[in-house]
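Number of protein chains: 2
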Amino acid sequence: MAQSLNPLVAGLRSSAIRDLLALTRAPGVLSLAGGLPAPDTFPADRIAEVAARLLRTDPAAALQYGPTEGEPRLRAWVAAYEGARGGDAVDPERVIMTAGSQQALDLLARTLCTPGDPVVVEEPAYLGGLQALSAAGARLEPVATDADGLDVGALADRLAGGLRPVAVYTVATFQNPTGAVLARARREQLAGLARRYGFTVIEDDPYAEIRFGPATTPPVPPVRAFDDGEHVVTLGSFSKTVAPGLRVGWAVLPAALAGPVARLKQAADLQTGSLGQAVVADLVADEAWWAAHLDDVRAGYARRARALVTALAEVFGERLRVGTPRGGMFLWGRFVDGTATAPLLTAAAARGVAFVPGAEFFVGAPDPATLRLSFATLGPDDLAEAARRLGRAHRDLAERSTGQLAGSRSASS
Amino acid sequence: MAQSLNPLVAGLRSSAIRDLLALTRAPGVLSLAGGLPAPDTFPADRIAEVAARLLRTDPAAALQYGPTEGEPRLRAWVAAYEGARGGDAVDPERVIMTAGSQQALDLLARTLCTPGDPVVVEEPAYLGGLQALSAAGARLEPVATDADGLDVGALADRLAGGLRPVAVYTVATFQNPTGAVLARARREQLAGLARRYGFTVIEDDPYAEIRFGPATTPPVPPVRAFDDGEHVVTLGSFSKTVAPGLRVGWAVLPAALAGPVARLKQAADLQTGSLGQAVVADLVADEAWWAAHLDDVRAGYARRARALVTALAEVFGERLRVGTPRGGMFLWGRFVDGTATAPLLTAAAARGVAFVPGAEFFVGAPDPATLRLSFATLGPDDLAEAARRLGRAHRDLAERSTGQLAGSRSASS
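Protein chains in written order, with my numbering: chain X, 1 to 413; chain F, 1 to 413.
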């Protein structure tokens, strides 16, 4: 006899990006597909040094079970960091450490949603967020985005029209996939709508520190800064600023959610890894080193972003429209010549370059001419070469279309 | 406006053990409560050495994102290990690495259960298992255990009577909390029932290597050894043999479950930590070191178990009945003098010793005279002292009862 599975799990699609990552591990392929952080940003020597010291001086702290909510020093650091940038005083009891921000998303989705509950998502949206919400049975309600992020006016209209979501999921800063930053006025408006209609904003913020503006420009405050402390969850991560392989992220929760999320975390995996948390706690405790490290990381990604934008402009001119990235890891593009990016990917793979067709990020009707290009992984020279290969693939596709067109004409004549 | 939460999550109880752990961190308390592995079994120096080498020679392997299913070398090792002890050939594609076996439990519960589905659990059972199943909405159906583990005959009767569980959850070897080992004939019968009635056996096996018999005695094969490859999942862990703080465990899945579980894992946390997996893969690759290390770990726990059993016999004589542990980390006891262990815990805390009342592990009507004693954490001398303190607490409680009895007599006279 065969078992029947929970239909929510049986119905989960694999992330096209994760599947692509497997394909693009083929030697010689330059990948603009995944969001793999640049390995040269990983402070490997420093991590080795810190890990060796921890394992020598206090092995139990690094290797033993610890509290479900997380390493106390690290929770306190996150509370202070979030409080400083949010302008709100964050009690460490509201912080829970998670296995990357992806786990925080999964725990929040499970805590807030009963199957069938509507959740508003950005269109286009981060795939991992859609997966976690789908696994929890959420009914995804896409709301459009533009250059200033989620169209909060359109959301207000939907709410006025009767939509009653349990949550709104947003990557408000340097969005994945578009790179957009939710405008300050929209953040305030979104927090107000959450209070008025009683939903939770899940603010997924893993790219906050990867900003490219002048150091003197103050970063935009998190959506949580406009909250009453009860309606916004902020998720953060050390995956982009230290290393993803350590799996250390966090959630700042309204007090009423802290208990339920911690109990679910206990059922989910008991706790986040002790060694990873201890290492990160040591890294961030050295304020001068941490500040200098973040500056290096930002400069590295800014250089990569410039290299890709410049190369794409040289290759495609006006045919491919891309924004100017202000931070994060992704460039969102749209072919104004009507090129469909799904067939372009096949041509690109043959030319040794990969990206993600934009359609992957849509819940509703996709724009088939869009694509996401990651500048996070490759170095500047490889990014330029990847752009040139993409140009060749684009020509291949155009020639093939012309050929097919000619073929279909001759067949019909 | 306040948010409403998913009732399954809102209804989760915190593990009394995790809560107790927090209390028993008070200085001077000797804890027999938690299942914290003995820190002297952690190969901290070796881990430091291996981590330093990995971070120097291949930092990306230790710090970058990796495959959702796990580090290929480690999956292959687990497949070979499980295949050797199960006598079945396990394809590495059936192995998925998880954040401890607790996460594997959570993923399995979510994959197999739709809310309301019945799942058979042992009575008494591992609390973390009950939590993961409850979070997935399973309706827990307890079946009794005895000295030979789950009463599979009683299960067969329930099945014949119409019970149709989607899964049976068992810690078949060195059970938590009882320490029992499911008899070989019962394993075979259980696997047969799974085939006949079409349910999945979730065999949670984190203590398999912590066995105390002579090295010449072959270990009992996993339940999976009696399966057709489609009805038993085996969960394993490096938490007891290397260190829990690395959060590295695994599941060996029927082929039909491998895809759905991997997709859910992706939504849950993308992947298990790269550094922890890489370290463990290096440790187990040195076969001679690994074999010697396991021998040391086994000898250490066997010594602890003997120390606790001996001290309890000296203190309580016939009043406390405990079995002879054959492996694992726990001793299950029952006061034949009728002592209720819930009030005993209060008296024990005052005497500086902690344990877990047996009632915590029951789904149905508990036996109030039972308790679980962990010999995993303390050294032999502390275990003996803990037993003496428990004896004092037992006297305190007896005197108090006598006093109350006298008091109530004088009040009624």
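Keep in mind that the hints were calculated from the coordinates and are not lab data.
Hints should not be assumed to be uniformly reliable.
Which stretches of chain F does chain X cover? Using the computed rule of at least three CB atoms under 8 Å from a CB of chain X, they are [as the list claims (entries may be wrong)]:
#1 36 to 47
#2 148 to 159
#3 309 to 316
Chain X regions said to be covered by chain F (calculated; three or more residues, Cβ under 8 Å) [as the list claims (entries may be wrong)]:
#4 64 to 73
#5 101 to 108
#6 131 to 145
#7 265 to 276
The beta carbon of each residue, even a glycine, is placed where N, CA and C say it ideally should be.
Problem - Numbers of unmet hints, in rising order - result: Failing hints, ascending: 2 and 3.
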